[in-house]
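Each residue of the sequence shown is one higher than the one before, starting from 1 at the first, in the working numbering.
The set of hints was computed from the structure by calculation and includes no laboratory data.
Predicted, not measured: the structure shown is a model, and the values here were computed from it.
Misleading hints may appear alongside valid ones.
As the list claims (entries may be wrong) - Derived DMTMM-like pairs: lysine to aspartate or glutamate, alpha-carbon spacing no greater than 20 angstroms straight-line:
1) Lys189 with Asp13
2) Lys202 with Asp171
3) Lys202 with Glu182
As the list claims (entries may be wrong) - Pair ranges (Cβ atoms, derived):
4) Glu12 with Ala131: 39 to 45 angstroms
5) Ser299 with Ala220: 20 to 26 angstroms
6) Arg142 with Asp102: 47 to 53 angstroms
7) His29 with Pro286: 37 to 43 angstroms
8) Asp188 with Thr82: 41 to 47 angstroms
9) Pro126 with Asp234: 50 to 56 angstroms
10) Asn70 with Pro292: 21 to 27 angstroms
11) Leu32 with Ala220: 56 to 62 angstroms
12) Thr143 with Trp53: 51 to 57 angstroms
13) Lys189 with Ser127: 30 to 36 angstroms
Ideal Cβ positions, reconstructed from N, Cα and C, are used throughout, including at glycine.
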Amino acid sequence: IGRCRYGVMCNEDGILFDDGVVARCGADHFYLTATTSNAEAVYQWLELWRATWGMEVTMVNQTSSLAAINLAGPAARDILATITNVDLSPAACPYLTFVKGDVAGVPCLILRLGFVGELGYEIHCPSAAAAHVWQTLLAVGRTFSLRPFGVEAQRILRLEKGHLLFGVDTDAQSNPLEAGLEGLVCFDKPNFIGREPLLRFKARGPRSRLVGFRLRAPVAVQDVRSLEGCQVLDGGRPAGRVTSARHSPTLHEAIGLAWVPAARSMPGQRLVLRWRGADVPAEVAPLPFYDPQRRRLTS
């Protein structure tokens, strides 16, 4: 109780379906988030299995009644502390916990998360009051040079941390054992959706893996994104694909995620990307690219 955990959902075939965060609010009360565009599908999926298994569980879809604001960066704690009555100290609210309290006079659920790789909070509040909370944050944050950031900035930041995006880095054949999420799969559980197919995947061994890579040849900053969807070659033949690619202004290099043959997935392995009719050299890199000790994330 009081803790959060990142998790994924699989379908009956062991294929990744969605991801999100679960917060345990009480002994029998959980708060579940999902990918924004997939929220309704996740809710219907849960309802289907609740009915199938005859579970004594009540689910409420609060997607339209709640809003979420992501406050992230080195000054996030100081900014939020000016408009809340909650103790946000590292001891009272460490990474992957949550607290309840007023923010700008609005009752909120504050989740201590870090999708973009920095000290961060997800502030969940009634949607009717979201504009007030947002404007108050911007007003008090002026002295900290606070400014809004959009989806493109978020995609670069999460890529620096190696955090995957469902539907971008995954497809209808992706399973957690090959997507770098094997640590989330607990086969000690007697039953969960996708367990038997995942056991077969485990016995078979991985055929491909989702890995980080760095380019070993110069590509113009504005062109790096066009690497997405390019083929990964092995022995001159297509063997994988690039799913995400961006220029990192923090690391001053082009980075990305790609599916590659399992035998070529170890850090340091050389890759060849077919881009605009030319072969571009790349190298498998350990993840995350940025803050590997997670000092900023957990500060």
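Hint check, failures only: As far as the earlier hints go, 5, 6 and 11 are violated by this structure, in ascending order.
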